[in-house]
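K.L.:
Residue numbers (our numbering), protein chains in the order written: chain A, 175 to 436; chain B, 175 to 436.
I should point out that these hints are in silico values taken from the structure, not numbers from a laboratory. There could be a bad hint or two in this list.
Pairs count within a copy or across copies, as identical chains cannot be separated in the list.
[Claimed, not checked] Derived EDC-like pairs (lysine to aspartate or glutamate); straight-line CA-CA distance at most 16 Å:
1. Lys407 with Asp233
2. Lys407 with Asp362
3. Lys407 with Asp363
4. Lys427 with Asp363
5. Lys427 with Asp362
6. Lys326 with Asp304
7. Lys293 with Asp304
8. Lys407 with Glu420
9. Lys194 with Asp302
10. Lys194 with Glu249
11. Lys194 with Asp335
12. Lys293 with Glu338
13. Lys326 with Asp302
There are 2 protein chains.
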Amino acid sequence: MIAIVGVGLIGASFALAVRKAGYSGRIVGVSSPAAIQAGIERGAIDEDLPLAQAAARADLVYLAQPIERILATIEEIDQYVRPGTLITDAGSTKRAIVERATQYIRRGRFVGGHPMAGKESRGAESADADLFRGRPYVLTSADAEIEAWIAKIGARIVRMDAEEHDRRVAAVSHLPQLLSTTLALMLDDSAAVAGPAALDMTRLALSSYDIWRDILATNRTQIDGALARYIEKLQTIRAELPDLHEDFARALKAAQRLRESS
Amino acid sequence: MIAIVGVGLIGASFALAVRKAGYSGRIVGVSSPAAIQAGIERGAIDEDLPLAQAAARADLVYLAQPIERILATIEEIDQYVRPGTLITDAGSTKRAIVERATQYIRRGRFVGGHPMAGKESRGAESADADLFRGRPYVLTSADAEIEAWIAKIGARIVRMDAEEHDRRVAAVSHLPQLLSTTLALMLDDSAAVAGPAALDMTRLALSSYDIWRDILATNRTQIDGALARYIEKLQTIRAELPDLHEDFARALKAAQRLRESS
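Given only the sequences and the hints, what does the whole structure look like? Please build it.
P.N.:
Structural data, given as structure tokens:
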């Protein structure tokens with residue numbers, strides 16, 4: 175049996191993906207009544223159970239809640255699981271979660287995870303069995319069982335410890351968000367002449383703060399570091415004006431490489 | 175007769191747009207043989223002429239070359255035109271061009287222009303009669319004749335002096351480009367975990383330097399100022415970490431307003 179704790183886009187997509195890969199056991203959800211209903215309607219979960227009962231019967235516990243809720247679940251869940259039960263999560267920062275698990279998970283076996291996948295629409299209604307296919311999926315430690323699951327759903331396993339993960343996502347994900355937010359704040363009075371570049375670079379500023387509250391709170395140090403490095407690079411660009419020929423050439427190649435590998 | 179000097183995407187689109195709006199006079203091109211051929215094949219221009227002859231017969235001269243070429247044409251063209259001939263340009267910075275025109279255009283009548291429109295593909299092959307429709311079109315001085323042309327092609331006239339224009343586009347167009355270029359330079363080693371945010375924010379970094387060389391050279395001061403203001407805002411965001419609730423809310427509204435007006 176698999177227990178999906180937090181039946182949103184990621185949790186329900188994981189359930190659909192393992193089903194599609196041939197898993198024939200039961201999949202239960204631990205979530206709000208609305209999320210459970212959406213998950214059942216989408217065909218992602220079979221039924222709902224309270225956390226204690228779901229954890230007691232599960233072979234795999236998949237924590238797909240918001241980060242702060244994952245942290246709280248980790249403090250509670252170990253007492254319920256059978257010894258050796260695999261517990262993993264899909265939170266988008268890893269150090270705080272892995273530290274919490276090291277402290278609280280004794281009977282279970284915890285491996286931190288982060289699927290680098292998503293879409294604009296949220297909730298189990300938008301769940302997609304192919305959401306993880308071909309996408310990077312970070313795992314914070316080696317474990318044959320979780321690696322087999324992740325391989326089954328078609329994701330590309332990337333092994334990385336929690337600290338390294340948080341440093342990297344601070345640069346590739348959290349920094350771009352804050353650059354976009356800051357640009358939108360600055361362009362507030364420039365609407366009359368805004369062209370496609372401004373729209374492109376402020377798209378992320380449309381993101382809801384819901385998700386970002388926990389990310390900022392649990393990855394503050396690395397985000398601060400990424401902002402500092404970015405500001406330093408921007409000062410270099412400023413100093414080099416107006417001849418940025420070399421920078422544009424290197425940036426073009428870097429942007430192409432990002433596209434080839436993703 | 176209309177003379178299009180520089181038969182690329184913008185020049186050829188302007189020609190197609192005035193044709194569609196009912197202009198039945200001749201449209202001649204002054205450009206490289208390859209551009210002339212593409213412009214004729216696309217139905218944008220009727221024939222080519224050397225600059226001196228095209229300028230001597232034109233009622234409207236439309237300069238749609240790269241900025242440095244526009245600056246050079248402005249130095250040469252005034253001797254050819256009949257007194258009072260309307261000369262305008264489509265360069266994406268305005269102070270250097272308007273200053274050059276003030277110095278050199280005596281017989282003709284110069285009005286600086288900047289259509290805030292474009293597409294990824296370049297050249298007369300990609301020309302589109304509706305390229306300017308609904309888009310802002312900056313004019314640097316009041317002139318009933320050019321305003322009538324711009325209204326005809328369906329663009330939204332925005333009156334703004336050259337200094338104000340360059341300050342604004344430094345923020346809405348040149349700054350976003352440099353933010354994207356700088357991010358691509360920084361993410362060069364992060365390909366393994368790059369997600370949609372990184373791809374979104376490095377799309378502009380794929381731009382060719384061809385266009386940017388002249389923009390950076392002719393708007394250096396305003397771009398430096400925009401970078402300085404942005405860095406200051408980013409330092410504020412850094413200092414406020416991790417609680418960016420207010421900033422995200424204001425940025426969301428600003429990003430929505432940018433979309434409503436463009």
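K.L.:
Within a copy, between copies, both or neither: which one fits Lys427 and Asp362 at a CA-CA cutoff of 16 Å?
P.N.:
between (32 Å within a copy, 9 Å between copies)
K.L.:
One pair to classify: Lys326 and Asp302, alpha carbons no more than 16 Å apart. Within, between, both, or neither?
P.N.:
Within one copy only: 15 Å inside a chain, 48 Å across chains, cut-off 16 Å.
K.L.:
Using 16 Å as the alpha-carbon threshold, which applies to Lys407 and Asp362: within, between, both, or neither?
P.N.:
between (25 Å within a copy, 13 Å between copies)
K.L.:
How would you classify Lys326 and Asp304 at a CA-CA limit of 16 Å: within, between, both, or neither?
P.N.:
The answer is within: 11 Å in one copy meets 16 Å, while 49 Å across copies does not.
K.L.:
My question is about Lys407 and Glu420: at a cut-off of 16 Å on alpha-carbon distance, are they close within one copy, between copies, both, or neither?
P.N.:
within (14 Å within a copy, 27 Å between copies)
K.L.:
Is it within, between, both or neither when you check Lys293 against Glu338 at 16 Å Cα-Cα?
P.N.:
Intra 24 Å, inter 39 Å, cutoff 16 Å: neither.
K.L.:
Indicate which option fits the pair Lys194, Glu249 if close means a Cα-Cα distance not exceeding 16 Å: within, between, both or neither.
P.N.:
neither (32 Å within a copy, 69 Å between copies)
K.L.:
At most 16 Å between CA atoms: does that hold for Lys194 and Asp302 within a copy, between copies, both, or neither?
P.N.:
Within one copy only: 10 Å inside a chain, 46 Å across chains, cut-off 16 Å.
K.L.:
From the Cα coordinates, with 16 Å as the cut-off, is the pair Lys407 and Asp363 best called within, between, both, or neither?
P.N.:
Classified as between; 15 Å across copies, 26 Å inside a copy.
K.L.:
How would you classify Lys293 and Asp304 at a CA-CA limit of 16 Å: within, between, both, or neither?
P.N.:
within (12 Å within a copy, 32 Å between copies)
K.L.:
Have a look at Lys427 and Asp363 and pick one of within, between, both or neither, based on CA distance no larger than 16 Å.
P.N.:
Close across copies (12 Å), not inside one copy (34 Å); limit 16 Å.
K.L.:
When no copy is specified for Lys194 and Asp335, does a C-alpha distance of 16 Å or less occur within a copy, between copies, both, or neither?
P.N.:
Neither. Shortest intra-copy (29 Å) and inter-copy (61 Å) distances fail the 16 Å Cα cut-off.
In this structure, the earlier hints numbered 1, 10, 11, 12 are contradicted, and the remaining ones agree with it.
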